[in-house]
Every structure is written in C-alpha cells, then in structure tokens.
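One-letter residues, chain by chain:
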Amino acid sequence: MAVTTKSIKIHSKGENDMIDLTEEISNFVKKSDISNGTITVFVSGSTGSVTTIEYEPGLIKDFPKMLDRMSPRDIDYGHEQMWHDGNGHSHVKASLMGPSLTVPFIDGELCLGTWQQIVFLELDTRNRTRNLILQIIGE
Amino acid sequence: MAVTTKSIKIHSKGENDMIDLTEEISNFVKKSDISNGTITVFVSGSTGSVTTIEYEPGLIKDFPKMLDRMSPRDIDYGHEQMWHDGNGHSHVKASLMGPSLTVPFIDGELCLGTWQQIVFLELDTRNRTRNLILQIIGE
Amino acid sequence: MAVTTKSIKIHSKGENDMIDLTEEISNFVKKSDISNGTITVFVSGSTGSVTTIEYEPGLIKDFPKMLDRMSPRDIDYGHEQMWHDGNGHSHVKASLMGPSLTVPFIDGELCLGTWQQIVFLELDTRNRTRNLILQIIGE
Numbered sequence: 315m316a317v318t319t320k321s322i323k324i325h326s327k328g329e330n331d332m333i334d335l336t337e338e339i340s341n342f343v344k345k346s347d348i349s350n351g352t353i354t355v356f357v358s359g360s361t362g363s364v365t366t367i368e369y370e371p372g373l374i375k376d377f378p379k380m381l382d383r384m385s386p387r388d389i390d391y392g393h394e395q396m397w398h399d400g401n402g403h404s405h406v407k408a409s410l411m412g413p414s415l416t417v418p419f420i421d422g423e424l425c426l427g428t429w430q431q432i433v434f435l436e437l438d439t440r441n442r443t444r445n446l447i448l449q450i451i452g453e
Numbered sequence: 315m316a317v318t319t320k321s322i323k324i325h326s327k328g329e330n331d332m333i334d335l336t337e338e339i340s341n342f343v344k345k346s347d348i349s350n351g352t353i354t355v356f357v358s359g360s361t362g363s364v365t366t367i368e369y370e371p372g373l374i375k376d377f378p379k380m381l382d383r384m385s386p387r388d389i390d391y392g393h394e395q396m397w398h399d400g401n402g403h404s405h406v407k408a409s410l411m412g413p414s415l416t417v418p419f420i421d422g423e424l425c426l427g428t429w430q431q432i433v434f435l436e437l438d439t440r441n442r443t444r445n446l447i448l449q450i451i452g453e
Numbered sequence: 315m316a317v318t319t320k321s322i323k324i325h326s327k328g329e330n331d332m333i334d335l336t337e338e339i340s341n342f343v344k345k346s347d348i349s350n351g352t353i354t355v356f357v358s359g360s361t362g363s364v365t366t367i368e369y370e371p372g373l374i375k376d377f378p379k380m381l382d383r384m385s386p387r388d389i390d391y392g393h394e395q396m397w398h399d400g401n402g403h404s405h406v407k408a409s410l411m412g413p414s415l416t417v418p419f420i421d422g423e424l425c426l427g428t429w430q431q432i433v434f435l436e437l438d439t440r441n442r443t444r445n446l447i448l449q450i451i452g453e
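Chains as they are written, first to last, in our numbering: chain A, 315 to 453; chain B, 315 to 453; chain C, 315 to 453.
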C-alpha cells in the first residue's frame, strides 16, 4: 500500500469553463506504481468544482445552465453585501457540488464509463489559475 | 492494509428507480478480510448516481421530484440537439449528484445511521443494466 | 499505511445551523501518525450534510437559501404523509448534498484553499446531537 500525491495547476477561461481532466488523471494513475486503488481529485478553493459528465458541446452548456436556475447571479446574496466581489452565486454552487471526487481504478485503468469524463468546472466570475490535488491510495 | 474490489451488475426498472444497495454492500464489507477502512461505491456511467437516503416509499418519490424541479425533462437541452436521445436532463442530474459515495466502516460495520441506506438512483429514461464498482481500502 | 478513526459528537442549534469543523479536523490530522493521505468526514444520519465553503456570515445564510429554493418546506412530500415529522425537505436536501466529504492532506496539512472551510450543515427542523465519523487513511 502506498500514497502518491501530485498538485497540478489548471487555467480556466472564465465562468462556467469546463475542462476535461480525464487524460491527465488517467496518465497519472498509469505512471504510478499503484495498480489498484482510488484517486481523489480535490479543488483547493471555494468557487470551483469537479464531477464526471459526458464531455460534449451540449452538456458542457446544459450543466452550468442548471446551476444558474438554482442559483442565479442576479438575486441578492449576503456574501455580496460584505465582499462586493459579485460571486455569491459561485460560492453556493461550488458548495453544493462539493470540492472532491473519488474514482476507483483496477489494473491501472480508471473505472469510468465509456461516455464519462472527469471535469473541472470554473464557477467563479473570471478566469482563474486553479490548484488541484490528485492523490492515489492503493497497492 | 489492503484493497479489495468487486464489480456488480444491477438492473434498474426505468427512470427514477431507486435501488437499496445497503445489504449487498454491508455483506461485501463483512466478508472481506478488512476490519476498518472505507468503501467507495462508484457508478460507471454518466446517467446514474449513488447517495444515502432513508429508503421509504415517500422519499423514494420525493427525491426524484426535487431533481425534476431543478432539471425538468421538457426544457431545451444542447445535448438533445446533438444526440436526440431525450436524456439531457438525466445527464445534468447525474453530474450534480456525482458518481461516487465513500462510506467508512469500523470493525466490519458500515457507519450508517439507523435510517440511512445506500441507494443507486437511475436517472436515464429507460431500464438499464448498470455496472457499479465497490472498492474497499483498509486494514 | 494505516487507518485511524474517530467518532465525534456535535450539537446543532436548529435548521440550517452551519458549524465550522476545520480546526477540529485539522488537529485530528496533525496529531495522527499519518503524514500523507485522505480524511473522510461522514455524517451518520439522513438529515445532515458536510461540504466546504468560505465560512462567513453572508454565505452561511446564502447556501441554505439555495437549498430552500430547490426544496421548499411548504410543498407536499410523500415522506410527510407517512411520518408526519415535517422534515421531508430535510431528507431530500441531505441526499442531494451527500453524507461524505474526502479531503487529502500532505505533510499533515489539509489541502484546503485559504477561504475554504469544512462545515457540517444541519438540515433537520430542530437542534440535534450529531454523530460524525472522521477517518484517516494514509502513511
């Protein structure tokens, strides 16, 4: 049993930018000495998130639209009254989605479905450089 | 420390079918040689999800209804324009809920509350055979 | 590699009470003999949840308000018809958020962002004593 951790930087282009991380994460798992275990993908920050989705042009817009229905930008947020940075909606969306994703792998292969990719979703209102933690635990 | 992984097939009866997995997962943990650790339950696929809930006839309808409020079937989805398979709402719901659940166990017993069951929720628009990964890490 | 588990009690003050657990969890990680790994925070119970958020007076109200938009208290719930305990909305919110959070740590330090705290959110309709499981796996 061992733990391997890697910190990566990703650069988002602005609000609702969805970035496919599958290849990078898959390569990190394959190149590790660990054959079976889980990888945890964690967003250090409170206005971004990770999940899985079929990464195609329709859904990468449909998914942020659903979050907007739940938490529109143009309603009142207590966060705004204090900080005036216009991203109250970003914070509540990120807390709902959660900052971490755990994916098992077997014989070095992520247990993803054929149409299932691992993505980062930028929820803040501008482009950001993001720090993600990739941590493998297994044997 | 060790890792034990099992892939299981489950058969859903259609959209919003919620299946109680608690007994199967509990038995898998008990029969393993691992006393303390976590089990990760992962859905390989982009239109199903896992969570915990009090599994009773009211909530197994209340919960899908909430998801329908957030992402109704009868609004426009970019996914539909490209794929015409009528399940854009299924995808966005699944990405919101996330594909994985992590549950700790102590002395072979899952740390669930009395009224807390582990469930799979079918979000696709038809019955499906689903591949779930159960992975135990512990000692 | 080792596993260390701790069960803690927390006391919520009522519906939507959000409690900052960061210091307690951080101390538990630092005092363990494990330098690198993940900590899983798990709510034993079906009407509470854990996530990360910037813990400040605005957001601790904004976030529950979003959940209320998705699942208001004053609509019909099947759960209510059977149990008459007035917390159908609490259950569906908790199942959406999920009961567990996984956070990696490196050299004994949680990989949280500067403005990112770990919180428990009470979703039930009254004050509760809650049982949370903290489980560290690593080396």
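The set of hints was computed from the structure by calculation and includes no laboratory data.
Heads up, a few of these hints could be off.
Said to hold, decoys possible - Here are the simulated DSBU-like pairs of lysine-lysine, each with C-alpha atoms no more than 35 Å apart in a straight line:
#, chain 1, residue 1, chain 2, residue 2
1, B, Lys379, C, Lys323
2, A, Lys327, C, Lys375
3, C, Lys375, B, Lys344
4, C, Lys379, B, Lys345
5, C, Lys379, B, Lys344
6, C, Lys320, A, Lys327
7, B, Lys345, A, Lys375
8, C, Lys345, A, Lys344
9, B, Lys379, C, Lys345
10, B, Lys345, B, Lys375
11, B, Lys375, A, Lys344
12, A, Lys323, C, Lys327
13, A, Lys375, B, Lys323
14, C, Lys375, B, Lys379
15, A, Lys323, B, Lys375
16, A, Lys379, A, Lys327
17, C, Lys320, B, Lys323
Against the structure, the hints come out as follows:
| no. | hint | result |
| --- | --- | --- |
| 1 | Lys379/B - Lys323/C | 32 Å, holds |
| 2 | Lys327/A - Lys375/C | 29 Å, holds |
| 3 | Lys375/C - Lys344/B | 41 Å, violated |
| 4 | Lys379/C - Lys345/B | 43 Å, violated |
| 5 | Lys379/C - Lys344/B | 40 Å, violated |
| 6 | Lys320/C - Lys327/A | 41 Å, violated |
| 7 | Lys345/B - Lys375/A | 44 Å, violated |
| 8 | Lys345/C - Lys344/A | 33 Å, holds |
| 9 | Lys379/B - Lys345/C | 44 Å, violated |
| 10 | Lys345/B - Lys375/B | 33 Å, holds |
| 11 | Lys375/B - Lys344/A | 41 Å, violated |
| 12 | Lys323/A - Lys327/C | 39 Å, violated |
| 13 | Lys375/A - Lys323/B | 31 Å, holds |
| 14 | Lys375/C - Lys379/B | 24 Å, holds |
| 15 | Lys323/A - Lys375/B | 41 Å, violated |
| 16 | Lys379/A - Lys327/A | 17 Å, holds |
| 17 | Lys320/C - Lys323/B | 33 Å, holds |
Checked against the numbered hints given earlier, this structure breaks hints 3, 4, 5, 6, 7, 9, 11, 12 and 15; the rest are met.
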